[in-house]
Structure formats: C-alpha cells, structure tokens
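J.: Take a look at the letters that make up each chain.
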Amino acid sequence: MANILLSDAEKTFILHGVEEDFRCDGRTRRDYRPMELETGIVSHASGSARLRLANTDILVGIKTEIDVPSPYNIDKGKIEFFIDCSANATPEFEGRGGEELAQEISDTLAKSYQSGQAFDLRKLCILPGQQCWKLYVDILILECGGNLFDAVSLAVKAALFNTKIPRVTAALMDGGNVDLSLSDDPYDCNRIEINQIPILVTVCKIGDSCVVDPSAEEEQCSAASVVVGVSQRDNKSFLTNIHMCGVGSFHQETLESSVELGLSAAEKLDEELLIALKLEEERFGKYGKKEIFGFLR
Amino acid sequence: MKETPLSNCEKAFVVQAIKERLRLDGRKLEEFRPLKINFGAEWGSAHVTLGETRVLAQVSCELGQPKATRPNEGLLYINVELSPMAALHFEAGRNSELTVQINRILERTFKDSRCVDLESLCVSAEDKVWILRVDLNVLNHEGNIIDCASVAALCALAHFKHPDVTVTGEEIKIHTSAEKDPIPIVLHHYPVCVSYATFQNGEVAIADPTVIEERSSEANMVFGINSYRELCCLNLGGTTLTSSNLLLQCSSRAANRAKQVVDQIKAALATDAEARSADQSVGFTECLKMNTINSLAQDRLSLRLRRFNFTLDDDFRNMSSNSAGAPDIKAEGDDSLPDATRIDENTGLLNSNQSNVRWVPEDSSDSDEDEHIFEKGDESGGADSDDKDLEEELENVAEEMAYKRQSQPISKGGSQQPVKRNIDNSSDSEEETTMVLG
Amino acid sequence: MANQDLLSDQGLRLDGRRAHELRRIRCKLGVFSQPDGSAYLEQGNTKVLAAVYGPHQAPGKKSNHSEVIVNCQYSMAVFSTGERKNRPRGDRKSQEMTIHLQQTLRAAIKTELYPRSQIDVFIEVLQADGGNYCASVNAATLALIDAGICLKEYVCACTASLANGNVPLMDVSHLEEVSGGATLSVASLPSSNKIAFMEMSQRFHLDHLPKVLDHALQGCQQIMSILDKAVREHLALVGSASDWGNIAK
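Chains as they are written, first to last, in our numbering: chain A, 1 to 297; chain U, 1001 to 1438; chain P, 2001 to 2249.
It is possible that part of the hints are untrue.
[Said to hold, decoys possible] Listed below are the simulated DSSO-like cross-link pairs for lysine-lysine, each with C-alpha atoms no more than 27 Å apart in a straight line:
1. P:Lys2061 / P:Lys2110
2. U:Lys1011 / P:Lys2110
3. P:Lys2110 / U:Lys1019
4. P:Lys2194 / U:Lys1011
5. A:Lys134 / A:Lys164
6. U:Lys1259 / P:Lys2211
7. A:Lys134 / U:Lys1067
8. P:Lys2062 / U:Lys1002
9. U:Lys1067 / A:Lys78
10. U:Lys1161 / U:Lys1259
11. A:Lys278 / A:Lys236
12. U:Lys1161 / U:Lys1266
13. P:Lys2093 / U:Lys1067
Keep in mind the hints are simulated off the structure, nothing from the lab.
Looking at chain A on its own, in the form it has when it is part of the complex (with noise of 0.2 Å):
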C-alpha cells in the first residue's frame, strides 16, 4: 500500500484524536468520508463504476462473456475478478509492484462473493452443462486515500448494478453444439439482482479504539485491522467473511465489538448506496442517454 511517511508526533496525534471521538478530519470513530459515484462510464464495457471516496478512486469495468460451466458446476456461471494497482496512485505500483496488494483484495473479495447467499451463479446459467455467462470484474485503483477494500466493493456492487447482460432469445441444440442467439436491441437486456450482494467493511484498530474508513494516514497508525463481508437479506445482515490484515493481533471482545461496527456500518453504507444507485437511474431514466462526467469533473 501506498507508503506514506508520518513522524512519531503526527502518529501521536492521530492516535489521541481517534481515542477522543474526534478525528483530524473532523470524523468521529464511525463516520465515513463523502462518496462520489458514477455508473456507466466506460462505454466498451458492460457495466462500469467510478468510485471516489475522498483520495480513493476506483474504477470498476465489467466485461461478459458466454462460456462452458466448469463440470463440478454445471448449474453455475463464473464471475473473476482482476484488480489493477495502476502506477498512477504510486510510483511503487510500476510494473508489477502492485500486485500482492491486489491479490489480497481480490481474494477478500472472491471469498466473500463465494457464499450461493450472497451472490447467486445459477442465474449466470443459460444452458446448464453447456453455456454461461462469465463475468470478468475488472478494477482499476487509480488513487490510494486508504479504504480501499470498502471503496473497491462498493464500486463493485454499483458496477453490478449497472451491468447489462444481452437476453438470450433463442437456442439451437446442433448435435453437441449450442447455438445461441442474442438480442440485437441493446435496451433488450438482463440486469443482476444486487440486493444480497456482499459489501466489504474494514474496521481498523487504532490504539484501544476501531474505527470505520481509515484514512491513507491512520491505516499507518493501525496495527490491524478486520475487514468484514456482509450480505443483506431479508432485513438481516450476514457475515459472509472475515479477513485480517496487519501485523497485530485482536483480543476477542476488541474482535468481536468491531465486527459489530462492521456489520452496522454495512447496513447503513448498503442502504445509502441503493438509495444513490436508484437516484442516478431515475435522474437519467432508466436507458436514457446521459452526460457522462468522468474525470472531467
């Protein structure tokens, strides 16, 4: 991760503001910091996201492909995710300097949309045992502010949303082969359900205190922190995974009073985020042609 340089006073101080509720931007130990989203802006893609989260950008592309199931499931479809650390966020991405870190993300991210619950890939299935979609999840981190598991799956749950998958209209059994055809309207499309879709939540112990969406320079003062999977479903929220990362340790009530925080944290992070989503596909209508701000805002 991004490293950032910080005295032993700076440390200090940021230590004694987390312990006072009081945060150096003003936070106090549950509060995020504000979001920007856009879907949609990537027009070779399927479905795409651009999250920013303070210094933390994202951009999420999604990219569909038909496939054969894999023969232990035949009745499933695949997702993959790939994340790039792009050298624009840090010199010491370049090359494959960036890479661990996005294995780690990645990985946190696939364990958590593991769970049939949270993310379901029969409805991937077209044929079973012959053709599914595949869906490749591609992340690009431009610019690290910290958080970036959270701001990766957010983006990646809007980047969902916004996927639109062509119909299929018709399939031809030829012998062993399958021929499908597909929809020639583009507003002819299937969406993905995202309601269950897991979000994930790091809660970053600082001091004796945890705290939710650490900045670039409080994750340097934290020596572990919990990142939480959680899955909505029927007013309810679920773990899907736990993943610690850093080098120290957590005592089980510290343990289990972040992973409280977590979980509220996810409902009340999901529920503004469906409620952003449905605006944006109100504001445009649902296929309308819309202006795309990208990076020029």
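For chain A, the structure is supplied; the task is to place chains U and P on it using the hints.
T.: Here is chains U and P on its own, set in the frame of chain A:
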C-alpha cells in the same frame, strides 16, 4: 556487463567531424557500408553483413492452429536475439529496450505491411496452417542492427521453402523434399529498413550509423520501405527534433537505397539458385573467407580511413617495403610515426580514391571548398545510377584496401596515427595493426 | 477495398466528421491530488489518464549526472478495448509504446535542468478508440505542465491517414484504423514546427507522405491551441482561488 559509457570528448569528436562532413570510417554522409549476403545450405538461412554488423537469420516452420479471428491465414513470428556475442553489454534472454524496439520495427515492416502472403500458408482452414518463425541472431554489433536484421529476415524469407503437404480427409501428410519439391513462400513485396541518424539540431542526417555514431546522434529515423517506394514502417525518435523537410528528403533517399538493396538481394538469390541447380557447393563456407576481424566494436579502433591512401614519400615507401615479418612491425610502426605526422600536417596528402577529393587538415583554407564538393556529391547521390556506381566502386575500393592492408601494414598503421591521436591513446592503434595482420 | 468507404461522396467520414476535423477533445488538469501532476484527456472515445511524479532523486544505478531520467509506463485498463485484454501492460506493444512515449517526452522536457533526478510519467488508457499514442502524449503534456516541469514547448501528437487513396484524414478513430490503410502518428512541437517522434505502419506510397504528414502536423497545431486554452483556464481557476498568490496584499 554494463555498457561502457561514451565519453564527452568522443561524442564531441564525432559531432564535430560530422559538422565538417567527415565520418570516422571515411564514408560520405550518404554512404552505406558494404552489404554482403550469403545463404546457408538449408532453405531459409541467411547471413548478412553490413560493414562489421552481422546477423544470422533462420526461418523455420511448423503446422499449428490459426488464430480464431483469421482462420485461413498462416502465422508469422519474428524474433531478434541480442546475445552477449554481439556486444558484451547485451544480456542473454532479457528483453531490453533495444530488443523490443527492433522486434517491433521488424514486425511492423514484415507483418503489418502484409509482405508475406499468409493465406497461401493455410493448409486447412480453422485447423492447420503453417507457422513461420524467423529467428534472427545478431552475431556482431557494429551499429545499425535494424537494417542488417531486416535484410537478413527478408533474405531468409525469400530463400525459405516449406515442405509440401497433401490433405486427404482428416489426414495431413507432410512430404519430404525427396518426395515432393518444397514450396517457396509468396512475398507480395520486398520491404527493407533503412536507418539514418541526425546531427546538428536535426539538420544533417547520416546514413547507416555505426555504434559510436548511433550513440552520439540526436535522433534516429528508420524507414521500412520497399522497392516500389512504398513506406511500410516509419520510426523516428530521439532527443532532438527533425524538421519535416529533412525527413522527406531522407525518405526519398531511403527509397532509392531500398531499391538497390532489394536488387542486391534478388541477385544474391539468383546466384544461389544457380549454384544449387549447377550442383555447386552452397553454404556459409564462403563467409569464412570474407573478413578477418570479428571482435567487439569498442575494443577495436573505430577510426579508419578506408578510402584514403597516402602518397608516401620515398623514404617511407622504402621503409615499408623493407618490412617483411610480422614481429618487426610494431617497432617499425613506431619509428615511422613522426614521418607520417609530418606528411599529414604539412602537405595534407591524403587522396581519396573515390572522387579525387583532397582531404586537407582542418586549419587549411581549402576546407570550405572541400565541403562544397562533398555537398555536390550528396545531391547527385540521389539518382539511382550514381549510387549504384558508387556502390560498385566502393566495393572495389574496399577490396583494394583489404589487399593493401595485407601488403602494406605499416603504411596503414601510420596513416591512422595522426588523426586518431585526437581521441585515443596510441596503444589502441598498435592493437589494430596487429589485428589487421592476424 | 474497404479503403473506399472511409469517406462518403459528401465528404463525410464514418463518424460524421469531415476529413480535416479532429474529434472532440476535452481535458482537465489536476484530477488527482496525490501525484505531483495529473491530467485527464478525452479525444473522441479515447480516454486517457496521466500522472506525473517528480522530479525526485533518481535511484543510484540509473542516476545521470547531466540530465533527468524520464521514466514512463504505458498501461491499458483490461476493459479498455472491445475485446478484454489479458493483462494491462508488459506485452510487446505496450512496451513499445512506453519507449515511444519516453522518447517523445524527453524531446520536450528541458532535461538538462534536472540532473541526477527522475520524472515518472504514468499513463493509463481507460478506453481505447484509436490514436492511443496521441491521446497519451497530449495527456502527458498536460500532466507535466500541471506538475510544473519545464518544457521547451507544448508537445502534441496527432494521427493522419489516407482515405480513397488520396484524401488525407486527420485524427483517425479505431474503426478507420482497422478498416483503412496506413496510419501515421506524429508528435511535434508545434510552435517551432519540429517533429519529436513519428511512427507509421502498413503500406503506403512515399508520394503521399508529405501530404499526410502535413495534415498530421496541422492536427498537432490545432490540438496545441486546445491544450493551451485548457491550461489557461485551469490556471485562471487555480490562480483566482489564491488571488494570484497575492495573499499578503
């Protein structure tokens, strides 16, 4: 090994020389080094030397699957290998910047220009096609690898024949050359690369740069061009910039050069074919006789006055004719040193074999006039016939000089001394003398 | 030949432009806060982000005592093309592009001003629709300006091609690149009318070169005026916010 850095004075010397329209090896600005092409005993192997730069090319083929997007076309791969054999600072198996660049330029010249008829390489669509692979090994790096490599690749491709096949249903039978004659590759056109290096804020371009010229130049231009004056690839880049005028001038010169080179390639191919049909021996044996020096560029003297010969005064001539055995040479060479210097400084008696241009020391008042003559030469150099004559003449001169080198080792050693002193210490020249002899 | 269709009888191109028209260029300086300089540039549907770090101390082994090292990386988002790319960088084409960018930018930067230093220029292509090299160069120029690095002048790049065998086209899109003939990419310093870099592939008769080159250079001129306007607007915005640095007035 790290590349030996080029010192500022070496660089300045080259730049200054070019400003005076001189080059270290005595070529004119527009002149190319002699190009020699040899073919191996096998189909598709060619050995090309451009001056001292050598490239060995080998084409091979195998049957394989075509790309899904182009199911009825064969594939062509070009791969250039820069090994420590060419120059010590090249690392084997590492993709250096230069390798990438040469590879891409060749790919653009041969693949993107569709010079090879890939459709004729199709055996059965979507299933089996011929995959051609051109492997280029740079044997010696003395500048302008790209030109040499492009000629080698083209020669090898034009020379190559792939075995004939018969398809019966699912079965594919590959015939040996004894059963059925192998089939040559169809080439739509013959592109070669021609390089220039620019100096003096992009106002002067010199053809066929050597290593030291490449390294002290400001920018370089590579034209991939065929004999029909069609550009196939163009690459210009460096630190300083060229006006579009120079570029256009160079491009038309490059076209003329390309035509010559292609003619030479065709002639070489014809000679090879003749030799084969007449059952004469073919192969690389001929190369062995070609040249003697084969070591690394930097360690050897890069300054050579090939086309200049001395008018020696009598004393000197006697001395050189007296010298018979190799062991004496070093001592005698040292003896003759003051003489040679005197000749050079006072009378400037270096005569060019080629166009009777007199070479005069820098401070002489004649130098302006001299430059003028060179310029005239440059302009007329654009025409085909002139260049051809020049080329032939050059070869004659080169042969003559090679002969002279053997017969008059001392005069050569002496002739280098005065000019060379400007940049080097004298120990190198002794090395050169002995090497020429060896 | 597919070449014939590039220009209709009315003189319109596939996307409705005329032969000598550029695609719409929109750009913004300073999109990111972490890099020392950054820029975003859209040329039609080609979208490029550039970030500049430096000048900073060069690592020991690379350090050059007389001039700055320009270090580039060109990478394309895997979703940037019609077909998904397997990896964002490291293939031959992007390596070549990296080298080309490096050459171009070195020609524009006043390298002698920053001895023993290094400037990193990172290019990220978000969407590729022809003229990637040109958009990258233009974006890099803006990012360098945003980073406050001394340039000799603007360096702009533009493509040109030939339609119907004799009409030069300016600023070629991907569709035209694929269906048409050769494409010439030129990076120039338009103020002094010098060429910093030039690249071309596919077949193309030499007689057409002056014409096409001329068009590409004209394109560079036009792009320069667009970039210049963007820089001035950006500076006005930044400058007025700080009252042109006259805080202690």
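J.: Quick one, are Lys2110 (chain P) and Lys1019 (chain U) close enough, alpha carbons at most 27 Å?
T.: holds (24 Å)
J.: Next pair to validate is Lys2194 (chain P) with Lys1011 (chain U); report whether the Cα-Cα distance is within 27 Å.
T.: Status holds; Cα separation ~24 Å.
J.: Need the status of pair Lys134 (chain A), Lys164 (chain A): alpha-carbon distance at most 27 Å?
T.: holds (13 Å)
J.: Need the status of pair Lys1161 (chain U), Lys1266 (chain U): alpha-carbon distance at most 27 Å?
T.: Status holds; Cα separation ~16 Å.
J.: Does Lys1161 (chain U) pair with Lys1259 (chain U) here, judged by a C-alpha cut-off of 27 Å?
T.: holds (24 Å)
J.: CA of Lys1011 (chain U) to CA of Lys2110 (chain P), is that 27 Å or under?
T.: Holds, at roughly 20 Å.
J.: Would you check the hint for Lys1067 (chain U) and Lys78 (chain A), treating anything up to 27 Å between C-alpha atoms as holding?
T.: holds (25 Å)
J.: What's the verdict on Lys2093 (chain P) and Lys1067 (chain U), does the C-alpha distance respect the 27 Å limit or exceed it?
T.: This hinted pair holds, its Cα atoms lying about 18 Å apart.
J.: Between Lys1259 (chain U) and Lys2211 (chain P), does the CA-CA distance stay at or below 27 Å?
T.: Distance ~23 Å between Lys1259 (chain U) and Lys2211 (chain P) Cα, so the pair holds.
J.: For Lys278 (chain A) and Lys236 (chain A), compute the direct alpha-carbon distance and say whether it is at most 27 Å.
T.: Measuring from Cα to Cα gives roughly 21 Å; hence the hint holds.
J.: Take the C-alpha atoms of Lys2061 (chain P) and Lys2110 (chain P), compute the straight-line distance between them, and say whether it is at most 27 Å.
T.: It holds: about 22 Å lies between the C-alpha atoms, which stays within 27 Å.
J.: When you check the alpha-carbon spacing of Lys2062 (chain P) and Lys1002 (chain U), does it fall within 27 Å?
T.: Status holds; Cα separation ~12 Å.
Of the numbered hints given earlier, the model fails none.
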